[in-house]
Amino acid sequence: MMFFLKLIQSIGVGALSISVGLLFMGIGRKITARIHRRYGPPAIQNFIDVFKLFSKNSISHGFAYDLGIIAGTSALLAAVVFLPVGQINLFPANSSLIMILYLMTMAYLGMAMGVSSSGNPNATIGISRALTMMMGYKVPFAAVIFSVYIFARTGSLTNIIAAQSGGLLNWNMIRLPFGFIAAEIALQGMLGEKPFDMAIAPAEIASGPMVEMSGKYLGFGMLQHAVGIFLETGIMVNLFMGGAPNVWIFVIKQFELFFIALLVNAILPRFRVEEGVSFMWKIPLLLGVIQALIVVL
Amino acid sequence: MNSNLIWLVFTPLIGSAIAAILYNYKFLDRLITFSTFAITLFLVFGTHVGQTYSMNLNFMGRMIPLSWNVTHLSIFMLYISIVFGTILTFYSLMDRSRMKGFLLLLILAANNWIFTTNDMVGFFFAWELMGWASIVSVLGGRKERKSRHAALYYALMSIGGSYSMFFGLFTLWRLTGSFSISSNLAYLSSIVGVHPWWVLGIVSLFFVTFMIKAGIFPFHTWVPMAYAYAPDTFTPFLSAVMSKYGIYGMLLFLPISLMEKGMPTVFGLPWVNYIFVWIGVITAVLGTVLAFFQDDVKKLFAYSSLSNLGYIVAAISLFTSVGVTAGIYHAFNHLLFKGALFITLAAVISRSGTSKLSEMGGLWKKMPVTFFTFFIGIASAAGIPPFNGFGSKWLIYQSMIKQHLLFATILLFLASTGAFLYLFKAFHSIFLGQLSHNYDNVKEVPVIGQIVEYLLMFAMIFFGIQPGYILRPVGLIVKSVGLNPLAVMGNGYVTGMFSNVDMPLIGWSLAISFVFGFILFFISAKHKYVSQEDNYTAGQIPQDWGLTPETYQFSWKFYEPMEKLFAPFYRIKIDGFFRGLGDWTRITGSAVKQVFVGNAQIYTLFAVVGLIILVIAGWVA
Amino acid sequence: MMQEFLQNYVYLIGSMSLIGIGLYITLTDENIFKIIVGLNIIESGTNLFMVAIAWYPKAVMPIYTLTNKLSINGKVIAADPLPQSLVLTAIVIGLGTTALALTIGIKIFEKYGTLDVRKIKEAGR
Amino acid sequence: MSIFNNAALLIGVPLLFAFSIPLFGLISKQLTKWVTLLTISFNATFSLYILLAHKYPSIVVMGNWLPPFGENLYIGPVAALLVSLISVMGLLIAIYNLWSIKKGDVTRFSVLFLMFTAGASGMVLTGDIFNLFIFMEITGISSFALAAYGPEKRALGGAFKFLVVSSIGSTLYLLGVTLIYTQLGTLNIAEIAARINQTTPGLLTFAGVLIVSGLAVEAELFPFNGWVPDTYTGAINGVSAALSGIGAVSGVYALFRIAMTVFGKDGTYVSSYGNLNFMAVIAVLATATVVIGELSALTQKNVKKMLAYSSMAQMGLVAVGLSIGNELGVYGGIFQLVNHSIAKTMMFLILGVLVASGVGENIDDFRGLWKRSPFLSLAFSVGAFSMLGFPLFGGFWSKFAIVGASIQRGGWYDFIIGLVLFASIVEAFYYLRIVGYMFSSDSKFPKLKTPWTPTIPIFILAVSIIAIGVFPQIVGTFSAQAASEFTHKMSGYVLNVIPTIAAH
Amino acid sequence: MSEWKELADYFRGRSMWMLHYCTGCGAIELPPTMTSRWDMERFGVVPMATPRQADILLITGYLSIKSLKRVVYTYEQMSAPKWVLGFGSCTINGGIYWDSYSVIKRLDKYIPVDLYIAGCMPRPEAILDSFVKLRELIKKGEAKGYEKYVKNFEWYKANQDKVFRRTTPVLKKPEEVTKSA
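Chains as they are written, first to last, in this note's numbering: chain A, 1 to 297; chain B, 1001 to 1621; chain C, 2001 to 2125; chain D, 3001 to 3504; chain E, 4001 to 4181.
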């Protein structure tokens, strides 16, 4: 009984993450359009896109391709159930942040495996860039999360949230400002927004990993991105903004973070890969290290 | 009854003699190797903790007591090494590479001896035996010249290491008059407060040996060469089992805690331990960074082994309960996944005939079972949760964080992220991408190989989801070295300090979300399978363009941006130090041999000068 | 005084000089046969030294006859006979060595075409 | 049958047959080799009988003159072990010679070989320092001639260098003996050893320096070992084997008999009558020998030359072991002497077979030898592994003991053994390089046809290396007794020879 | 089932991802169409990088025979509900290239065109108008070019082969080339 309850709740969280993610993407397009002085598509445009993609015929390069792309979405969905979302915290004893991060790696691995098995070098180059960039943003992010670990004396997201309870001034965002800025820049890379979107550069490598994806495969890709946005901003909310009392506030907090990322995305051009990585290893890492020193000493 | 400890050593020796006699009958040789491993495994079932045995060896005209003592650690190491060896030799039944069965059995004998002995004479004997047997085993790789060079390099490092241990054990003998490991360790513990520097010196003599065997940072240079150019079916053993001897040795000596004994501490750690943590971290990062750019797949995974051993060393050097648990647990995990990876590599290399990443590609269509084994292997190696590599990495981070070793942890995290990069590079370049027409006739490995691969897949998933089966014995080991073991809540839990990870839960979560993924996949519109030629080529028609699968495969300079980033670090060559030492020795040698000029008069002159010097010495004295 | 010194040490000095001369020849002369001669001179020096230690001033020959008393009042006055017999052996051995050396020298001249000891080298060390 | 208890037969029989061999040579030249073989096999049987039936310690007196007045042979544990070693090596080399010496002056070779064995046995057995000189000269002269044997030009050059250096050496030795005689009026080793403290320290030091220098020529210690590479390289392989397996053994024995028994203090590590500690001197010389020998061998392309330098270095290692002076060190040194003798003899014999089959002496010619002649390459590797001290091979135990002893001794021996171990790493490099070359498969040459006669000694030697490696007691028991003889001067040697003598 | 189809068609009409094959001068009209002035994204039209992802193929002008080959290949690589928009007169009758030996005159003979946009070149307003028209056609289920292509595959192939044959070189051997030069 408990099992089914949890199962249904998990499905609910998964659906929530997908819809919030897609909505964010749509709103993001709208906002970007407004920044560009355009009108922009409707906010639900991405729902339309996803539905269209799933209704469209597609080509595949074999079972590794299918499996990889399914894994990309599924693993993220599997990770999202461990994320405390507002009052919904399905597995409070199991919300270790590192575990969630590593589970997300499964999604990257699946995605990378799928698109690379298509045999298109553009896809592989895209993956190579994405992974290189991952190396870039994971390091400052690690600096930040380990600082938070030491600061909060816990590694579980549930407990980190609990440690921040009691108002705005207890938020890690205020208490660990350098870490927050570093993590915010890392989040930009994690979301794959400009200036760190070299992995999917359409003009250079024909949209990179997505080059061979058609129809439902692209749909899975969009879902993965949606869940990814939800998960990554959700982690940030839990780490720095003290979680949320309920889902709506949680989503609003997520949107705040996403909004910053969007603004940056809308006005900046793209880095080259090594520039991106070295940027990540200069400013955010420096901030993260300063934060770490403050925490440790 | 207790004499079965002796038979643990003698059975492989006898098997080795038989295998050496039957060396020319390849299959029989392999069969005997396998069955000896199986028999030894059977013998291990009969051993239990606390079993001791001793006998006297007549040596130097006096009786040297040889003693055996089975501890929790030794029985754990025995099980994992022999089970893996059995699987490997079963796999090698069908293999055609030039692995020498009798040498593997000699190593097995040494293996059993090292893990059960309680006297340093036996330890040293077995260590040397293992050393030379592995050196000769490395010799038979696919590339003659390179494997010869690798074996030579390995031999020199290894011999240097064993001489260092030679020194150490005799120094201990001079101090205590005993060869017994346990009493010597007790002696060292007792004097550590009085003469910490002495203890440090003696222990470091041993640690140099262990570091060389495990391939830890300043002594890592032999690892990539030896791993890469050893016979393909020997490399799994080299990486999975033999690197653990060093770890075992370190675990023997680590309980001599320098804590509370007046040594200065850093972050609550004795500074020696702190240095070792950093050595481990440097090894981990170095292995990762160097692994990015390898084109030889075995070399790549050799660096990966290096990196993982760095993790282990960093964890066990902390010598906290979490650290030691994590280290031993990671040693087991590394044995499992790296063994599986090297076995699949052996399969791939034997089928494709190359170990160059830039020459392979697209093999997943031809070797699906191998592909899945490799996939699960790299997922484990990257530490992805439901598979077996995660728990130990997670514990390692926790143990480091607990000591507030923040920068070390960040670097370890960097190494782990980097691990994902190079693992994916290997994965892509071997199995994904375009299948060259050279490999049109490549087949899946034979049934024996497939059985082994299924077994390893199962093991990696099983021990990932049920870590309790490993953590319980590890807990006993941790208890036996005098630390508090971590609580094991259930078979499915990895219990950390702050929270625990419920592995079956992750498994369920993944499984259910996969089910949903597949449902979505199958209810949505149809897909059709196309060939690899039908690919986006920016409108160009591949046939007109002269496009071949090889030219449309991206595996050369996979992480080129990284190369630019890491370029400054490439100028630092540790290897260069040893090579420089070698060159210096060679130059000195050529200079020294000029002494023998080949002229009778000069020789006479030498004699006369020598005489005069001696006379003067006598006069002065 | 001088005479006494000479009496006591003349053989010793002689033998040492012979050894020195022999060594000098051996070390400096490039001719193989001269080197062999040098070796022979060293040997003679050694033999002289051995004989010399057996003798001391006013010693009698070590052969017991009625007139030749070997000891007076329990004090031995005869020369020591043993070194002399040793010298005989040494001379024989030296002869053998010299003969062999000369043979080898001749063979060397045949094969190498030179007697210069500096040219008898193996190529490369 | 008391005549067969007389160890003088070990010298007498070979000498007798040596001089009667020209008579056999009149019948057939090939017969002389068989006579040599039979004679040495008598020696081997007899010496092994002495060794295994534990017929020692005993003395053999000449003409019923008891020591110190008569000349005597002393068969202690050391002598029994080493004379067995010499005889057995001689026997095996003689078997090899049956095949290898075909052309040229077979008769004279046989004469010289027998003389050589007899001389070496005599050096080990004798109890008189002047007789030691005589046997040294017999060994020397026969080995000069043996070294000059053969068609090659370089043999003559090598032999001449040996001759010159060795003559100087024996002269020095003789001077030293004379000086001791002036002091003590005796030539008997046991008596000198017992009365050594009655001498003038200055003169004794001088005599000791002369004797040590003279014997160091035979024992191949630097700087008295200039002849080694040239002579070993020049001589035919059978002779090189004999030089390293027999000649060097007796040389080292003589050196340490003088340094330990004569100059040594009972039961201590030092030999310090006189001003100079000769054991320390020898230790320094031996270390220099090891280091220089190994470094010189490192860059050799010619395998034979490499083996020559390696011989030198190994003798240095033996001397290091013996010069440590404690029981463990002497044990290790003698054990190492046995191991080195076996392994190096075997390697030279293998080289001889290979050269005769047209393989060549250069290291490049060894490529792919595994495919061409598995037996020889395996045996060579066994020898190399024994040299390097790998476990399951004989060399492990001796190296183990030497290192253990020097660390037990401590002090500056730690430093010496560090240098020695460094040199061992260098040695590992060049031996393993050859092994690696042999096991590579890039050879286009056909299989070798190995004649069976020379494979007998090679096989026996290879098996004995492994046997010693697995059961070190085979040699260990004897070398432990030998160690006790060497380290206990009075009870081990002097009192056995002259029971009535008073301890000083 | 038909309701699903209608729903799908409705969404397809509102999310048209285009691949612009920029051969002719029409390409220059697309950037203003995409950017702030006209903003085609409000119709759900987004430029895509590869044919795999795209729904509509924009042929923006004349096609030489050589580029036709690529267009056909690209068109065949697109996934099933796919539409072709011909830009300007060049795709209708050859336009100013009506007498060129190397440019095809009627695109319709080679791949099925769902909608032509008149003009030389059509302005962004016309392009946007065409998107709206295409959306209506799709919603009505009348834009079925891709099915036509499958149904009349032989005919299309025969037409394509006829022109592709002309791409083979007239001068077969290199000697002839040098002679004529």
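Be aware that a few hints might be false.
Here are a few chain A residues that sit away from chain B, every Cβ distance over 12 Å (derived from the structure) [to be verified]:
#1 108
#2 166
#3 252
Here are some, though not all, of the chain A residues that point toward chain B, as calculated from beta-carbon distances under 8 Å [claimed, not checked]:
#4 4
#5 9
#6 47
#7 59
#8 70
#9 88
#10 156
#11 169
Quick caveat, the hints were computed from the structure, so don't treat them as lab data. Since the structure is predicted, the reported quantities are computational estimates derived from the model, not experimental observations. For every residue, glycine included, the Cβ atom is placed at its ideal position computed from N, Cα and C.
**Message:** residue 70 of chain A was flagged as interface toward chain B. Is the shortest Cβ-Cβ separation under 8 Å?
**Reply:** 4 Å, holds
**Prompt:** Can we trust that residue 108 of chain A is non-interface, i.e. its beta-carbon lies farther than 12 Å from all of chain B?
**Reply:** 8 Å, violated
**Item:** Restraint satisfaction for residue 156 of chain A [CB to CB of chain B, less than 8 Å]
**Value:** Cβ of residue 156 of chain A sits 4 Å from chain B, so the hint holds.
**Request:** For the hint on residue 169 of chain A, just tell me whether its beta-carbon gets within less than 8 Å of chain B.
**Result:** 24 Å, violated
**Item:** Minimum Cβ distance from residue 252 of chain A to chain B greater than 12 Å, as the annotation requires
**Value:** 26 Å, holds
**Message:** Please check whether residue 88 of chain A passes as an interface residue: C-beta within 8 Å of a C-beta belonging to chain B.
**Reply:** 15 Å, violated
**Asked** Does the CB of residue 47 of chain A sit less than 8 Å away from some CB of chain B?
**Response** Cβ of residue 47 of chain A sits 15 Å from chain B, so the hint is violated.
**Request:** Could you let me know if the closest chain B CB is still more than 12 Å away from the CB of residue 166 of chain A?
**Result:** 20 Å, holds
**Request:** Under 8 Å, Cβ to Cβ, is where residue 59 of chain A needs to be relative to chain B, so tell me if that hint holds or is violated.
**Result:** Holds, because the Cβ-Cβ distance from residue 59 of chain A to chain B comes to roughly 5 Å (cut-off 8 Å).
**Request:** Would you settle whether the hint for residue 9 of chain A is holds or violated, based on the nearest Cβ-Cβ distance to chain B being less than 8 Å?
**Result:** 12 Å, violated
**Asked** With 8 Å as the cut and Cβ atoms as the points, is residue 4 of chain A at the interface with chain B?
**Response** Hint violated; residue 4 of chain A Cβ to chain B Cβ min 11 Å, cut 8 Å.
Comparing the model with each numbered hint stated earlier shows that hints 1, 4, 5, 6, 9, 11 do not hold.
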